[in-house]
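Engineer: Each chain, letter by letter, is given below.
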Amino acid sequence: MSSDDNVKRSADAAVSGGPLAGGHHGDVLALPELESFRDPETKGAKAHYDDADIYRDEKGFNDHTLRPMFFTTKKYFAFTLVLGAIMAQGFVAFLNQTYWGLGMAGLHEPVYWGAYIATFVFWVGLSHSGTIVSSILRLTGANWRRPILRAAEAMTAFSLLVAALFPLIHVGRLWRAYYMVPLPSQRMLWPNFKSPLMWDFCAINVYLTGSMTFLYIGLLPDLAVARDRAIAMGNWRRHYLKVLALGWRGSHREWSVYNKCSLFLAVIILLIAPSVHTIVSWDFAMTMTPGWHTTIFGPYFVVGAIYSGVSAVVTLMIVLRVLFNLGDVIRKFHIDALGKLLLVISIIWSYFYFCEFITTWYSHKPEEWEIFEWQAHRFPYHLWVMLGGSCLTIFCLSWRRFRACMPCMFALTLLVNCGMYIERYMIVVPILSRRDNPFMWTDYYPSLTELSIIVASFAYFIFLYAIFIKLFPIVTMADVKEGVVVSGDVRLGKHAVRVQVKE
Amino acid sequence: MRILKGSIKVKSFNYKEDNDYSWSMIIDLDRCNGCGACVIGCQAENNVATVGEEEVGKKRNMHWLRIERYIEGEYPHVKVRFLPMMCQHCAQAPCESVCPVYATYHNPEGLNVQVYNRCIGTRFCGNNCPYSVRYFNWFDSSFPEPVNNQLNPDVSVRERGVMEKCSMCMQRIRRGKDTAKDEGREVVDGDIQPACAQTCPTGAITFGNINDHESKVYKMAHSGRAISLFEEKGTHPAVKYLKGGTNDVIG
Amino acid sequence: MSDHYTVLGLYRKVETITKAGDPIREAFRVKDGDIEVLTSAAYPDGAILDDKELLHQVESRQFLFPFLMGFGGFGAGVTLAGGTGYIMNLIVGGKAPFTYAPTGVVTYEFTLLFGVIGSVLSLLYYAGLPNWTERAYDPEVSDGALGLLVKLYSTEDQEKAAKMMEEHGAYKIKKGVNDF
Amino acid sequence: MDRRSFLKLSGVAASASAVGACSRVSQKVIPFVETPNDGANPVDGDWYATTCRECNAGCGIIVRTVNGRVKKIEGNAIHPVSRGKACARGQAAALSVYHPERLTSPMLKGAGGFEAIGWDKAVDILSQRFTEAEGKLFFLNNGSNDAASGIANEIFGKMDGFVSAGNQEPGFESLVAGGESLADFPRIPFPDLDHAQFAILLGADIFESGPSPVFWGGAFGECRRGRASVRGRLVYAGSRLSATAAVCDLWLPVPPGRLGALALSVAQVVVEMIITRKLASSIPRNALGRWSVALKEYEPEKVAAQLELAPEHIRKLAIPFVDESPSVVIAGADVTGYANGVAALDAVEFLNMLSYEIGREKLRIHERMTPEPNDNLKRRMAEALGVPHEAHGFSRLTDLVAGMEQGNFSMGIIHHTNPVFDTPTGLKFKDAMAKVGFTVAIANFMDETAAEATLVLPDHHWLEAWSAQTPDFVPGVPVFNLQQPVIQPFFGTKSGSDIMLAAAAAAKLKTPADTTEAFVTGKIQQFRAEMQGAPAYLSDNAFRRHLLREGGWWPAQVEAEAAPVPSGTVLWEYRDKLKAPEPEFDGAENPFFLHPFQTVHMGRGQGANSGWLQEAPDPITTLMWQFWVEMNPVTAAKLGVVEGDMVKISSAHGSITAPVFPYKGIRPDVVAVPIGYGHTNYGKLANGRGGNVMTLLGAKRDAISGALAWRSQKVKVEKAEGRMKMLRNAHPEGEYKGEVFQL
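Chains as they are written, first to last, in the numbering used here: chain A, 1 to 503; chain B, 1001 to 1251; chain C, 2001 to 2180; chain D, 3001 to 3743.
In case anyone wonders, no lab produced these hints; they're calculated from the structure.
Just so it is clear, CB atoms sit at the ideal spot from N, CA and C, and this is done for glycine as well.
It is possible that some hints are incorrect.
[To be verified] What follows is a list of derived Cβ distance ranges for each label pair: (1) L183(A) to L2068(C): 22 to 28 Å; (2) V3634(D) to E1231(B): 44 to 50 Å; (3) S3539(D) to N1117(B): 37 to 43 Å; (4) K3719(D) to P366(A): 34 to 40 Å; (5) N2089(C) to E1183(B): 42 to 48 Å.
[Unchecked claim] Here are a few chain A residues that sit away from chain C, every Cβ distance over 12 Å (derived from the structure): (6) F70; (7) Y76; (8) L161; (9) C202; (10) F214; (11) P366; (12) R401; (13) L471.
[Said to hold, decoys possible] Below, in silico cross-link-like pairs of lysine-lysine (BS3-like), each with a Cα-Cα straight-line distance of 25 Å or less: (14) K365(A) to K1233(B); (15) K3664(D) to K3638(D); (16) K3737(D) to K1243(B); (17) K3664(D) to K1243(B); (18) K3638(D) to K1079(B); (19) K3316(D) to K1079(B); (20) K365(A) to K1243(B); (21) K3737(D) to K365(A); (22) K3638(D) to K1058(B); (23) K2172(C) to K2031(C); (24) K1177(B) to K1233(B); (25) K2174(C) to K59(A); (26) K3737(D) to K1079(B); (27) K1058(B) to K3725(D); (28) K2174(C) to K2019(C); (29) K2019(C) to K2163(C); (30) K1079(B) to K3684(D); (31) K2172(C) to K242(A); (32) K2163(C) to K260(A); (33) K1233(B) to K3737(D); (34) K2031(C) to K242(A); (35) K2013(C) to K59(A); (36) K2163(C) to K242(A); (37) K1058(B) to K3684(D); (38) K59(A) to K2031(C).
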């Protein structure tokens, strides 16, 4: 797109008013957007659909971003139907397992934890992207964060919802799982707070509450927008939107309190999230099982979680761009920025892995080294995907051109998450199958029941997301608008520089 | 401030010296011939389920007591060793503290107790047991008519989804103590024998109260041949093994 | 309490609404809490209306919610995790019934949980939400219009204010009763 | 007095003092129980003393019953065989009482297979057949001296044409025959392992098979660690490292059939040591000289090659044999399993005799504990129940089968034994059985033999029945075991021996008693005068009750005076016996020695239908629910097979396929196959589980005793199609990492 076009559009937009029209600066000077300097493709003449300018009039912006919510294609129904079918078979498998017993899973002593727990850790890990990234970005005031927040936060909430199912699927007596809740009873049933599982139970619940709250509070102003739109359209969504929007008007007092509250939440979530995955890692590290009992597990898990989470955010962003034509909101620039973040995290993760490996290798304690040998012997291809994927990530993401290539990024981030799933599996399964007592060494294969349920969990996650997109605004509209409000362009010599107002 | 007392007393393997009883088991590896009588004795006493061929193939056999067999050396200098392995009733049991619902705890007599109807089946305890001696009921155990007539009424039949393990024949301990009480005396050494110790043809298994310094187990535990399995893990098991296989150590 | 009357004027540009606010405030001696701006995005404090003083009071108290709740959570955590030692005086793994580290972990989580709840409560309390009653509002606000809302105590003032707003560039005026 | 009230009276603890608190009724109600069907509250239960009949060892046991149900079987602490202990198979009997596949009603074979008939009709048919047979019948049991066989012998024994036979565990006959000339009466020599410091086990798998695993287990425990300052040392020689060999300090893989030569070679060194060190003065010098000459050809250097051992190895056995006296030699299946078994056993007995002479002060070799010597009583007790000793040999069984082939019998009674399954194919028992017009199987379960029978009579389980037993193989003392019902019969069965008596009475034959219980009571009265140490002041009835409470009678045990020295002539002539003939093999052209062996759990196959026993891991392989063939990894590699690959083992008599279990503790030229597997008609759990090794065997017999030489078969082994998952308890790699426990 040429800068002339840009100026013209800005001028047009100014008529309809609103912050997106560049109300407070549009009159003064119409400047090309900074992204157009950055984005390599915009330098060329060829305009791509996703490079369209989002700075249309605000109504148009609302229309555009709310479009996925209000307009549904037949393909969508077909897609959710397929998801529903996958979920249904997983549910049947789960009922079957509950009815007959956990023997339906491929577990056996001493591999008491298997694919379920690996999947649980994976989902909990995935949930770390949203809130941590969004909190950090909020607190540091990174401007590029704005459009991606909602998608990332929703991912947190939903992957946690999925994750929270797995302990329930995993326990032997589901109908007695409430024993973990401190409910005073005649039978003096009381949880043992010394158990890392109990910490985990607390942490997951706290995190679930926190991230749901975070998601909802973030949604609040957008709900008001959607509400107004729904009422105007007479859409059925107005019923719940009215209630959920809590009567939000956008008064200055509301905004002010709201911003403060977001700040509190961002800080608290930032304290919760690492603790959650640390505690999840303690489920392993607190035991005396060789291979699990290491101090590095806390940070290693947290970094791994962010690694897989950020990758998943990138994957999702690209999917959203394509499916809902949101290329002008979620721009290549955002993917590029996330790619850089991912690069840093993958380096940190690899460093942690290396630390864990080299300490074990050097000390060569037989029971610990045995596990690495077994991993290499039993799961060589898995290790290739996991470690090779990580190396590839570091290599590829160092290239700007790679970061700008959406299919490449999509493939790479998927690869990263495959690797991270394998990593969780590698932590849970091989370590248990090569435990202290060599007589009880064993091998483990997930059963069909486990696979069904795990596949269904992925379907469930996508389903939740798909439903969410249809019920709530997927783009953080208020944040994007705020970004426009508080930023302006300042001419610096020949160039215009985008600056952001900070108080 | 009992609750603030740390793990002070448990440093020694006898759980609490100020208690009357601290049950302990000594297994003489020099005597064990791997015949497996204890395995069946335990199974008969404790209603341990048989799981069948298919489940055994998945390594889900439930024997609370198993005899581990290790092979050393190359033909013809081969040595086969037997190691009876059951719950070690560790004083600092790794399995206990990780249970989120107190389904397993340490009773004042030094036994690691599994409370079946508290257990929700997280299997964390099984993961944290270095000896791998906790068994999970993957399915409801089947005792079809008329096999159920053999079930020992003193021991509950476990539901699917709970952990189980050697209880050192808790029911026999209780019966022994009751008998002694009825007769107005203290429990004397040899009064109480778990099913495995009772049946062991070679007399490899000895059970007793290690707080009683006159007891056989006390003497054997201090014989110089006594070892604990995975001593370096600091679990302080109540089950001790007498090292065997050499002529150098006699005791 | 006697009735009050509201005027909502919608503007297109920040510059216009900024210019409209102050004359009305002066003309009717509107108190800080009686005038509001409705926007679809968060404008920096004082960008449109100078109500910093009032908001400062709010903000300085808002932190108390999560803070005090956090304290409550701390207490709850200590009570639960530590008190368990008293209720269930069981020895597990050779550990004392009361142990510091696990209590600390649980307490940490509970503190943060209550902090989250406190933050939300602070939002609801200070922003006066939820309020599902019919209030002075126009859906165009969410499409980018900027609304200036004034609370007045007589119909005469209401008419006058509406007129003033129109003069200052409001393209749409809404009047209401008891719906500030 | 009816039986029930009698049960009440007699059902007291075996011995209050020895067994501890047993019959006490507890006041507490125990929570969390699955109550038995009768809904009564559980109590501590009643303990009854009886005799285990799972094998012929005759272990005294006590049985815990609660509300009339068997709960637990434990050893009878005062019994000289079991010494308060029990083995896996004995304890598993508690489950087999309640086995769902137990036979419940008599069945007669018709055109369309078996039909259930009533008990009255069964007795009618049987009595009619008894009349028709006119003594031309046989009685075959599992080789035990028990009341049922006594009854059969007393009813028919006087008749012409009656044959009583026993399908004994293979090899026992040779054990009895071996060293007979040194012993006072035919019985298996029981060297005093309890007090030995050094023991050589020549292929003696005493914990798996043999006379009594429980007794030997106790003896081993005593030997190993029973004394404060002595650790008994054991050496095992044999072609496979069995569970017994596993506990020994040294294993010498001697080629099959060469253990006699090893024994003689050790004897050679020992004799030379006696001469040079001037030990054991009670042996006449000239006897020593003759032995020395006779043993010349067994110098270690000369036999080392055929034994595949270094001469030092043999000396390493012989020197402690003298230095660490008392020492014993125990022979077992790897000696008796070959055609030269008895010859080798003579050598073993010779060695034991030498050891006795060396360690005279410390050891009573043959008589561990003995009552006042009364050889007459021992012999009479052994035949107390009217079963001639000779009845229980493979020779008799071979004769019986020959007789069946020739149509000498119009009727046969097969009592609790399964010869169709557990005798070698070479014997052709099944074919012979078809030639007998009418065969009655008295059994608890349908098995391969019962399936061939014309009439099947479901017997009581031995826990429900009356009987008495005198074990052949007791540690030097005569034992009279009583077997009493500990529960009311659970299924609609009747005692097989009672039915025999009833049918015989109906056939107007002379019967020794009306019921088995009366028969047993009669035997007690008959022997009362000779049952020393039992209270003399009791009335007959009270005496009987006393015996039931104790589980039988055996003399009060005293440490023996020195046992008599064998007479000079015996010693003199013994040099002629000092020969180790070359072993002969069936199918000698085949490359591998077949090594059938008993496992701890299966017995001869009776254990195969028990879930407990099937699921109990085998001590050596740790396999469960599975059949296997053991071979050295080297052999396996040569055959190109790995663990779980199927191989076909074939001989001239048949072939079986089995999954391979490579095991380092076996000679590379030997393949070992467990017996007791491969049932075809023994219930759900047993059927189709592997192959029956007996189908590979011809009926090769010992040259002297005529016992079945069950290991003198050579076989071909070739790779077969397919693989099998090995259901092992030990991890295939982890089992080599035992050092983590620093044992």
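Engineer: If a hint holds in the structure, say so; if it doesn't, say that too.
Structural biologist: Going through the hints against the structure:
no. : hint                             : in the structure
1   : L183(A) to L2068(C): 22 to 28 Å  : 26 Å, holds
2   : V3634(D) to E1231(B): 44 to 50 Å : 37 Å, violated
3   : S3539(D) to N1117(B): 37 to 43 Å : 53 Å, violated
4   : K3719(D) to P366(A): 34 to 40 Å  : 36 Å, holds
5   : N2089(C) to E1183(B): 42 to 48 Å : 32 Å, violated
6   : F70                              : 14 Å, holds
7   : Y76                              : 25 Å, holds
8   : L161                             : 17 Å, holds
9   : C202                             : 4 Å, violated
10  : F214                             : 8 Å, violated
11  : P366                             : 25 Å, holds
12  : R401                             : 35 Å, holds
13  : L471                             : 18 Å, holds
14  : K365(A) to K1233(B)              : 14 Å, holds
15  : K3664(D) to K3638(D)             : 14 Å, holds
16  : K3737(D) to K1243(B)             : 17 Å, holds
17  : K3664(D) to K1243(B)             : 24 Å, holds
18  : K3638(D) to K1079(B)             : 23 Å, holds
19  : K3316(D) to K1079(B)             : 18 Å, holds
20  : K365(A) to K1243(B)              : 24 Å, holds
21  : K3737(D) to K365(A)              : 14 Å, holds
22  : K3638(D) to K1058(B)             : 30 Å, violated
23  : K2172(C) to K2031(C)             : 23 Å, holds
24  : K1177(B) to K1233(B)             : 33 Å, violated
25  : K2174(C) to K59(A)               : 20 Å, holds
26  : K3737(D) to K1079(B)             : 12 Å, holds
27  : K1058(B) to K3725(D)             : 10 Å, holds
28  : K2174(C) to K2019(C)             : 19 Å, holds
29  : K2019(C) to K2163(C)             : 15 Å, holds
30  : K1079(B) to K3684(D)             : 37 Å, violated
31  : K2172(C) to K242(A)              : 24 Å, holds
32  : K2163(C) to K260(A)              : 35 Å, violated
33  : K1233(B) to K3737(D)             : 18 Å, holds
34  : K2031(C) to K242(A)              : 30 Å, violated
35  : K2013(C) to K59(A)               : 14 Å, holds
36  : K2163(C) to K242(A)              : 32 Å, violated
37  : K1058(B) to K3684(D)             : 20 Å, holds
38  : K59(A) to K2031(C)               : 33 Å, violated
Violated hints, listed in ascending order, are 2, 3, 5, 9, 10, 22, 24, 30, 32, 34, 36, 38; each of the other numbered hints is respected by the structure.
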